[in-house]
Amino acid sequence: MSKSNFTRRGVLKTGAVAGAGVALPTIFTAQSASASGYTNEPTGSNVTLGFNVPQTGPYADEGNDELLAQQLAVEHLNGMGDGGCLNTFTSKALKGNGILGKKVDFVTGDTQTKSDAARASAKTMIEKDGAIMINGGSSSGVAVAVQGLCQEAGVIFMAGLTHSNDTTGKDRKANGFRHFFNAYMSAAALAPVLAKELGADRRAYHLTADYTWGWTQEESIVASTEAMGWETVNAVKTPLASTDFSSYIAPVLNSGADVLVLNHYGGNMVNSLTNAVQFGLLDKLVNGKDFKIVVPLYSELMAAGAGENIKGVLGSMNYNWQLDNEGSRAFVKSFGEKYGKPPSNSAQTCYAQVLLYADACERAGTFNPCGVVEALEGFEFDGLGNGSTLYRAEDHQCFKDVLVVRGAQNPTNQYDTLEIVEVTPAAQVTYPPNHPMFGGDEASLGECNKGA
Amino acid sequence: MLGLNNKKDFTLLLVVAALTLLAPFVLNPFPSDSAMAQFNAGYPDLMQRFVIFGIFAVGFNILFGLTGYLSFGHAAFLGVGSYASVWMFKLLSYNIVPAILLAVVMASIFALLIGYVSLRRSGIYFSILTLAFAQMSFALAYSVLSNPKFNLTNGETGLQVYANDPQVFHRAGLPDVPHLFGLSMRSTYTMDVGAWSFSFNVGYYISAIVLLLVFYLAIRIFRSPFGMMLRAIKSNQTRMSYTGLNPRPYTLAAFVISGAYAGLAGGLMAAMDPLAGAERMQWTASGEVVLMTILGGTGTLIGPILGAGFIKYFENIFSKINDTVLHQWFAFMPDGMEDFMVFVIKPFVGKGWNLTLGIMFMLVVIFLPGGLVEGGQRLGKWIKNRGKSKDSPAKTEPAE
Chain A
1 MSKSNFTRRG VLKTGAVAGA GVALPTIFTA QSASASGYTN EPTGSNVTLG FNVPQTGPYA
61 DEGNDELLAQ QLAVEHLNGM GDGGCLNTFT SKALKGNGIL GKKVDFVTGD TQTKSDAARA
121 SAKTMIEKDG AIMINGGSSS GVAVAVQGLC QEAGVIFMAG LTHSNDTTGK DRKANGFRHF
181 FNAYMSAAAL APVLAKELGA DRRAYHLTAD YTWGWTQEES IVASTEAMGW ETVNAVKTPL
241 ASTDFSSYIA PVLNSGADVL VLNHYGGNMV NSLTNAVQFG LLDKLVNGKD FKIVVPLYSE
301 LMAAGAGENI KGVLGSMNYN WQLDNEGSRA FVKSFGEKYG KPPSNSAQTC YAQVLLYADA
361 CERAGTFNPC GVVEALEGFE FDGLGNGSTL YRAEDHQCFK DVLVVRGAQN PTNQYDTLEI
421 VEVTPAAQVT YPPNHPMFGG DEASLGECNK GA
Chain B
1001 MLGLNNKKDF TLLLVVAALT LLAPFVLNPF PSDSAMAQFN AGYPDLMQRF VIFGIFAVGF
1061 NILFGLTGYL SFGHAAFLGV GSYASVWMFK LLSYNIVPAI LLAVVMASIF ALLIGYVSLR
1121 RSGIYFSILT LAFAQMSFAL AYSVLSNPKF NLTNGETGLQ VYANDPQVFH RAGLPDVPHL
1181 FGLSMRSTYT MDVGAWSFSF NVGYYISAIV LLLVFYLAIR IFRSPFGMML RAIKSNQTRM
1241 SYTGLNPRPY TLAAFVISGA YAGLAGGLMA AMDPLAGAER MQWTASGEVV LMTILGGTGT
1301 LIGPILGAGF IKYFENIFSK INDTVLHQWF AFMPDGMEDF MVFVIKPFVG KGWNLTLGIM
1361 FMLVVIFLPG GLVEGGQRLG KWIKNRGKSK DSPAKTEPAE
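Sequences listed follow chains A and B, in order.
As numbered in the working numbering, residues 1 to 452 make up the first sequence, in order.
As numbered in the working numbering, residues 1001 to 1400 make up the second sequence, in order.
FYI, nobody ran anything at the bench for these hints, they're computed from the structure.
Some hints here could point you the wrong way.
Chain A is faced by these chain B residues, among others (derived, beta-carbon under 10 Å) [to be verified]:
(1) Asn1147
(2) Ala1276
(3) Pro1369
If the Cβ cut is set under 7 Å, some of the chain B residues that face chain A in the computed set are [claimed, not checked]:
(4) Ser1143
(5) Gly1155
(6) Gln1160
(7) Leu1275
(8) Gly1277
(9) Asp1335
The beta-carbon is built from N, C-alpha and C at its ideal position, and this holds for glycine as well.
Chain A on its own, in the form it takes in the complex:
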């Protein structure tokens, strides 16, 4: 039996003491960071990179493709295989003897496409395996979350597939870098092509995945299509977990819209597109024009999932293996020879990011994150498959050509699902770093953090 003997005075006293305790200023002083070192400074003959990709969950296909590319990159860095893009890269700092003479090791983790799990996995890599850089991710939510973690922990984050404006917009961080393009660039590249192919007086209907990425993409597409004369009839948010979009497609028919924009990704997009095609949207004639569907963010894996339905549907991409330049050929060759299939655009972005990081370490002469940040900021390069590219210093976003693609009408083989309509030059998709869609003047990178 428990007995309680609280007195009024006793309770008051305890309360006062507890209150004073909480109100007290700093009792324990923060320890000063050690003078020279940085988080996970490699001391032995090896250096460890962390590859954090979704291996289970809705984006597992993308994640596993990224992992293949990352392993290929490590092979090339260590001087195995045919060297891939090391031969075409304009910076010649990498010798194929690891990074700064240290052999490259890697650890992998599963983000499960969940911010929490991704952070846990990244923390494991940093705390247990001593990873000096984290690369990967197939979702903007995850990328933003892991980027924040890397900033706090003092390691470099090289983002993988993340398309939301926020990653290098309002959530930009000094220790984070993005090679992939973003929703704004998609919109800026697509708009002129849409105007040319579909005319400047279309009425658009948006279906948008109801979360951060969906909103930023809808915002970007609406802004750039309205600028060229289109009208937005309606923009409907769809719950992320939906698998059947019929109830969202039916109203489109009666809305007087003649273009459907699907701001969906992955399995969502495959389902909504299939529903739209089943409803016969593409055979309709509205306002005297053929009905069209636009999918702003494409990927090879989604195209494969949607099969026949993808034919003639327009969208944009960061990279496509059919791109004909020296870097792209070298990358597709070594990826194809090793894995027997062409790389996806998520694979390419991760491959490029790993090489870029390694190269920055070589040029900086150190693994110190602050040195690496300095080496990457404002870095101009070519030969990694995307053509001439700039890593802008103000927001750590890469600026390069954007591809506008269309679902192939007559695919010749199973990988030939998309055809390149136009390569939009980088200048056309460039925006000022304080653009309102990217956090405006308030957004700042903060200070680079090298950790303890």
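Chain A is fixed; fit chain B onto it per the hints.
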């Protein structure tokens, strides 16, 4: 001692105290350069997860283990706790005390509301109601409450602290990460002993002390008249009503207490890593705590902690074993043999960790219905009786 009348309970508390306080040693049995270092779990993040999910599962067990009410929506309270803490970080300062207090309070209020409605039904209907509420909270957090006009949860990206947040009590000199009066949760002291390396992390020890406190509280609840009443509800609620006792206040109290435990766990989780994501509230997260409790041993005191440790170990260690690691392990074998072994083991590690966990779960449920605790008891009995003659009948003790 400490109001624990039963000597066994006190020993149990001591065992848990020893395990948590010495965890950096216990979990790092392999030298850091050896191939077995892969299986070391003694790094701050995972140790924190062990104790935090331990708290979560201990609280869940107060409801499920004692009253038998199976809630499938406990993750909602964890999520509410996390969001509440991160908001405190954003508005006040990075000090974890107000954050954790608000987390517990908010989760309790939430539990009171959900419990008041859900506890009108029992059995599967109760489970479905809690599941529905939790999924509703998840949907609210994921998209509804994160629209640009009223952004309470920051949706998919997760709520985090930005440099331009008010943080009215934040001053220069205080660390820019969660801290306890200036003592950063991240600061870690690493002790190198020969080939071994042990890390002692502030965040871990704070969580461990909290675990000990709430574990002690759980023991007191289990042994109190109130706990007895909860057990009566589990064994036969109808009979209890007929004796003139209204079971609802008791179940509601148990529900709120376990909700508060979940909120505490959520608050601590945010204190260790200041980000609250909506996935924390998803039904899979609610299912996970059910698994932890059943795996460890429903209705036992230490079971949920063991279960939580077991599941988190698999999630974090087994998912990290990839092809390269496997090839290293079997490098001593001839080539064909090596590839064969890798081929056989690969589906069970790396991205297949769920499969291994599922198999372990099935084995435990089939052969050890009392969970890991029953396994331990059987092992203990076997060791005790090994030397003795066979005909002395083993004293059977019911699993608690």
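How the hints compare with the structure:
1. Asn1147: Since chain A brings a Cβ to about 8 Å from Asn1147 (chain B), closer than 10 Å, the hint holds.
2. Ala1276: 9 Å, holds
3. Pro1369: 29 Å, violated
4. Ser1143: Holds, because the Cβ-Cβ distance from Ser1143 (chain B) to chain A comes to roughly 4 Å (cut-off 7 Å).
5. Gly1155: Cβ of Gly1155 (chain B) sits 5 Å from chain A, so the hint holds.
6. Gln1160: 6 Å, holds
7. Leu1275: 6 Å, holds
8. Gly1277: 4 Å, holds
9. Asp1335: Cβ of Asp1335 (chain B) sits 18 Å from chain A, so the hint is violated.
The earlier numbered hints that this structure contradicts are 3 and 9.
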